[in-house]
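Taken in order, these protein sequences are the chains called H and X. Mapped onto my numbering, the consecutive letters of the first sequence carry residue numbers 201 to 380. Mapped onto my numbering, the consecutive letters of the second sequence carry residue numbers 201 to 380.
Hint data in this document are derived by calculation from the structure and do not stem from the laboratory. This list has only true hints and no planted wrong ones.
Treat identical chains as interchangeable: a pair holds within one or across any two.
Restricting the straight-line Cα-Cα distance to at most 25 Å, the calculated cross-link-like pairs of lysine-lysine (BS3-like) are:
#, residue 1, residue 2
1, K321, K229
2, K350, K270
3, K276, K261
4, K210, K236
5, K236, K276
6, K229, K276
7, K270, K299
8, K229, K325
9, K299, K276
10, K229, K270
Number of protein chains: 2
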Amino acid sequence: MRNETNEENKARVLWFTGLSGAGKTTIAKEVERQLKAMGVNVAWLDGDVMREYFPCTGFSKEERNAHIIKAGFVAKMLSDHGVTVVASFISPYEETRAKVREMCARYTEFYVSTPLTECEKRDVKGLYAKVRSGQIKQFTGVDDPYETPKNPELEINTMGLSIEQSAAQVMDYLSQDGGI
Amino acid sequence: MRNETNEENKARVLWFTGLSGAGKTTIAKEVERQLKAMGVNVAWLDGDVMREYFPCTGFSKEERNAHIIKAGFVAKMLSDHGVTVVASFISPYEETRAKVREMCARYTEFYVSTPLTECEKRDVKGLYAKVRSGQIKQFTGVDDPYETPKNPELEINTMGLSIEQSAAQVMDYLSQDGGI
Numbered sequence: 201m202r203n204e205t206n207e208e209n210k211a212r213v214l215w216f217t218g219l220s221g222a223g224k225t226t227i228a229k230e231v232e233r234q235l236k237a238m239g240v241n242v243a244w245l246d247g248d249v250m251r252e253y254f255p256c257t258g259f260s261k262e263e264r265n266a267h268i269i270k271a272g273f274v275a276k277m278l279s280d281h282g283v284t285v286v287a288s289f290i291s292p293y294e295e296t297r298a299k300v301r302e303m304c305a306r307y308t309e310f311y312v313s314t315p316l317t318e319c320e321k322r323d324v325k326g327l328y329a330k331v332r333s334g335q336i337k338q339f340t341g342v343d344d345p346y347e348t349p350k351n352p353e354l355e356i357n358t359m360g361l362s363i364e365q366s367a368a369q370v371m372d373y374l375s376q377d378g379g380i
Numbered sequence: 201m202r203n204e205t206n207e208e209n210k211a212r213v214l215w216f217t218g219l220s221g222a223g224k225t226t227i228a229k230e231v232e233r234q235l236k237a238m239g240v241n242v243a244w245l246d247g248d249v250m251r252e253y254f255p256c257t258g259f260s261k262e263e264r265n266a267h268i269i270k271a272g273f274v275a276k277m278l279s280d281h282g283v284t285v286v287a288s289f290i291s292p293y294e295e296t297r298a299k300v301r302e303m304c305a306r307y308t309e310f311y312v313s314t315p316l317t318e319c320e321k322r323d324v325k326g327l328y329a330k331v332r333s334g335q336i337k338q339f340t341g342v343d344d345p346y347e348t349p350k351n352p353e354l355e356i357n358t359m360g361l362s363i364e365q366s367a368a369q370v371m372d373y374l375s376q377d378g379g380i
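Chain H on its own, in the form it takes in the complex (with noise of 0.2 Å):
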């Protein structure tokens, strides 16, 4: 593929972080959906993605970020060549969201804020029963910390939204942010 001359490189890195089962990553595969129909070149990134290929991955916080800091590099590297990012991770640090940040030259955060007890509730891959069970340890949210974003570009609090209308937020404030 060819960069057409003078074209500016808008892609952007549409981070979306919060809780496991808040609904990101069906956000996220929704947008992906729609933009991929608009013919933006996309690519995906979530830690399934990465997990064949980068093992051995644990949980504390070191851990944690030091993967995220991996798939923020993945995302740079994509987006500063003009691809589109479409990322899903818990990412609970602040600290490693803001690095990832100054990383990607249009990075641009999702906070998918559906609270913990509605996570629960729903616990689509049954992990949360696992937690209370006491067959997972160190569960973001639980007994792992989960660092509220202190200044995302959107915040989607899935509660009461389909994931059409949570998806056309997200589709609605890149449009008003100078599209994508």
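Start from chain H and add chain X according to the hints.
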């Protein structure tokens, strides 16, 4: 950046392997420069680019391989989205290079086969001197293995070749192999 409709993704991963001091990075940089001049969307990838975000990489076979797989993942993500990658890594193990080849749709391997004696004579970074004085251990080609590539797309023996001549071999190969 938009994908042009019906445009086939021809983005390659141009992977330069060889001993330290073989001339990999010098040739690869010249290739990158020429591709950019042609308007190709090119990303540069090497140990220095990755080091800041992928620290603590050791020199055991497992650690070296894990590092190369991560580089391969970045290369795969970029090339899957239309970005040509120029990568320069010693990448001493055949098994790992084969894995990167498998990961990347259009992996093209350039084996820069400058002999050890010549690399040591040039010793651009002064590393071989440190190896011989015992300051550096586990150095590829000296006390750590370099497995000769079995099926590189092109072998470049830089003996008696200028940088321009070496890079021209790469560019000739690419244009004979369907272009970039």
